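Kindly produce the complete structure, drawing on both the sequences and the hints.
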Amino acid sequence: MSLVQLKDISKSYKLGEVEIPALSDVTLDIDKGRLVTFIGPSGSGKTTLLNVIGCMDRPDSGSVTIDSRRIDNLDRKGAARFRGENLGFIFQSFNLIPVLSVFENVEYPLMMIQKTPPAERRERVMRLLEAVGMADQAEKRPDRISGGQRQRVAVARALVTNPRLVLADEPTANLDKKTALDVLDLMRAMRDEFGTTFLFSTHDPRIVEHADVIHGIEDGKLVEHSQFLEGMQSHD
Amino acid sequence: MINIFKIAIRNLMRYKRRTMLTSLLIVIGVCMVVLFSGLAGSFKSMMIGIITDSSIGHLQIHKKGYVASIDTLPLNMNLSAEQYKKVAGVLDGKPAIEAYAPRVKFGAMLSNYAESTSVRLSAIDPVREQRVCTALYTRLKNKHDPAEPILKPGEVIIPERIAKAMKIKPGAPVVLVATNKDGSVNGMEYTMTAVIEDILGPGGKDGYMHIDDARKLLRIKGGEVTEIVIRAKPDASFDKVVKGLMAELPGLEIHTWEKLSPFANIAGMIDLMIITVKIIMIAIVLISVLNVMLMSVFERIREIGTIAAMGTLPSRIMGLFVAEGFSLGLLGTVAGLVLGVAGLLLVKALEINFEFGRMKGLVLRPEINVSELLVIGSIVLLAAVLAALQPAYKASRMEPVDALGHV
Ligand SMILES: Nc1ncnc2c1ncn2[C@@H]1O[C@H](COP(=O)(O)OP(=O)(O)OP(=O)(O)O)[C@@H](O)[C@H]1O
Ligand SMILES: [Mg+2]
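Going line by line, the protein sequences match chains V and U.
Mapping to this note's numbering: the first sequence position 175 is 175, numbers consecutive.
Mapping to this note's numbering: the second sequence position 152 is 152, numbers consecutive.
Please note that a few of the clues may not be correct.
Unchecked claim - DSS-like, lysine-lysine: derived pairs with alpha carbons at most 27 angstroms apart:
id, chain 1, residue 1, chain 2, residue 2
1, U, Lys-278, U, Lys-85
2, V, Lys-77, U, Lys-6
3, V, Lys-115, U, Lys-6
4, U, Lys-233, U, Lys-63
5, U, Lys-16, U, Lys-85
6, U, Lys-167, U, Lys-141
7, V, Lys-140, U, Lys-6
8, U, Lys-240, U, Lys-259
9, U, Lys-259, U, Lys-233
10, U, Lys-63, U, Lys-86
11, U, Lys-16, V, Lys-140
12, U, Lys-233, U, Lys-216
13, U, Lys-394, V, Lys-77
14, U, Lys-394, V, Lys-115
15, U, Lys-394, V, Lys-14
Simulated from the structure, these hints should not be mistaken for lab results.
These figures come from a predicted structure and were not determined experimentally.
See the structure below:
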């Protein structure tokens, strides 16, 4: 069975009298242990889709099931719990907590969200920092490391709780191409090591090829990505 | 290792100048309260001590209606010997009472054979009286050994202003002429042995003589008394003692010093002022912490979105910000308490002299007890937490999607 099942998801935003459709009738299954990407132009609905899957936004209609659990009707607290226990997040601008060291940033979810005992916490944080190659920078504050390093720490933070699914909205948009590819390689390596499923969005066709599964998205609908990629590339 | 307070303190340190300025405000507020409560509170308790220990005692018992007509010093409102015995029996059985003493009070004409004036007199049993009014001897103008009775039969102590006006020197003979209960007049000669300073309150301008002399002068048969002054044990509650006595002594009136001395109003005003200063301090803390916390929340919307998205529960987010407000309050409170206490110690070391009414050469020795400091500290911390609640709640209610999108 697939890890994520989306059925007839629709969502629109109301701006005064006007309704802006962001997602229309999206139906999609995502398998376990895959590196899945959504590619589409600005305003196509990538962020909205990830927010719906990430239990941060409710669809107007349709159902979202993660690991056989309906998540589209959870209340605030239930949704927060579900996110804390089952999901990991990587953000476009890294979003590390500036007052915490690299180590503490990775420790944060174990401490403040899950209540992991201290010894186990330390071991898991160090294991993840080693996996992302940041163990030697553990004591540094986020403002003392580069953007690529920050995103590595963010990957470690997203993975430290052993989530089933990691969601990343444009995780490479603030990185240069080489660093972006590094981060992608890292996600793939983590997928191999921990069996985590990754879902990320991008509008950068050069990154897309490194994913296992590619979904095109345009005007809130899933589209055939190959044409779409060519279409995008021809603009370059 | 991270915890909620470590995060709070680091976030406070992120904006050092702002944190310092806010803390400074709290420090000033707390310091002001400590200094004021210490100074005013000590002044108050010192004055109360002087007044109760050297003139009116802690409690007084009279026949019902006496205090209302105290100005005329009526002689027909005395307690009979039997009543006095009954009261004495009750008082002897009360562990909260340390000592009591009988007094006869009356008005008389005082003459030095050249001129005369009217004088109010408290006639006392010196040994008993000095157990109740332990500081009575300090009001005598000439030095006196507290172990000795302040007067013997045949002696009178005269208020300073009368002694001055009539130029009576210690050792001089004086005559007291008094009208007794049935209107007949009697006069007797005594030796003036000492001059006594005035003090605030009823009986504060009285002369003193021996109770046996007064009974003879007034031709009182038996052991009639006008009032009974009482000293309570140091930790006894006056109000409780009064209640207990009232139940056992119907027909008598029992007053605490507060009901008798005008200084009680001043003491009440001092208390009111201390409360006012505390309210000002609370307002300072509330406003400054609220202001800082609102700014903090506003500046960290994206951070709040991040931790909320990761699954931090709203209650935990609220806790983070409340902890920040609490830490800010704690910083200011500790510094304020230390500075305030240091200020009080300084005043104490300087031994500042002051006058109050006709009392001169008083030395202000400010004191503040630990429980008062704890109360002040708790109030500030409570105010800081209260002020942080609203911004913290706001942070906890943010939708991660909106907060993350915020730039
Ligand atoms: N909060 C909102 N209020 C109103 N309209 C919104 C809101 N968020 C998104 N939209 C609209 O919904 C549509 C999909 O937006 P979405 O942010 O999901 O696109 P996207 O693919 O992530 O775009 P980008 O590449 O620019 O991040 C767009 O038309 C957008 O204008
Ligand atoms: Mg987007």
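Checked hints:
Between Lys-278(U) and Lys-85(U) the CA atoms are separated by roughly 48 angstroms; this puts the pair beyond 27 angstroms, and the hint is violated. A threshold of 27 angstroms between alpha carbons decides the hint, and for Lys-77(V) with Lys-6(U) the separation of about 25 angstroms falls inside it, so the pair holds. The straight-line distance between the Cα atoms of Lys-115(V) and Lys-6(U) is roughly 17 angstroms, inside the 27 angstroms bound, and the hint therefore holds. Of the supplied pair hints, the one linking Lys-233(U) and Lys-63(U) holds, its CA atoms being roughly 24 angstroms apart against a limit of 27 angstroms.
Of the pairs offered as hints, the one joining Lys-16(U) and Lys-85(U) is violated, with about 73 angstroms between alpha carbons and a cut-off of 27 angstroms exceeded. Between Lys-167(U) and Lys-141(U) the CA atoms are separated by roughly 15 angstroms; this keeps the pair inside 27 angstroms, and the hint holds. Between the alpha carbons of Lys-140(V) and Lys-6(U) the distance comes to roughly 16 angstroms, so the proposed pair stays at or under 27 angstroms and holds. Distance check on the hinted pair: Lys-240(U) and Lys-259(U) sit about 15 angstroms apart at the alpha-carbon level, within 27 angstroms; holds.
Taking the CA atoms of Lys-259(U) and Lys-233(U), the gap is near 19 angstroms; set against the 27 angstroms cutoff, the hint holds. Annotation: proposed proximity of Lys-63(U) to Lys-86(U) holds, straight-line Cα distance about 13 angstroms (limit 27 angstroms). Proximity of Lys-16(U) to Lys-140(V) is assessed by CA-CA distance (about 20 angstroms); at most 27 angstroms being required, the pair is judged to hold. A distance of roughly 33 angstroms separates the Cα atoms of Lys-233(U) and Lys-216(U); the hinted pair therefore is violated under the 27 angstroms criterion.
As the CA atoms of Lys-394(U) and Lys-77(V) are separated by approximately 15 angstroms, the hinted pair is consistent with the 27 angstroms bound. Between Lys-394(U) and Lys-115(V) the alpha-carbon distance is near 25 angstroms, which keeps this suggested pair within the 27 angstroms criterion. For the hint linking Lys-394(U) to Lys-14(V), the alpha-carbon distance of about 24 angstroms falls within 27 angstroms, and the restraint holds.
Violation of the numbered hints given earlier is confined to hints 1, 5 and 12; the remaining hints are satisfied by the structure.
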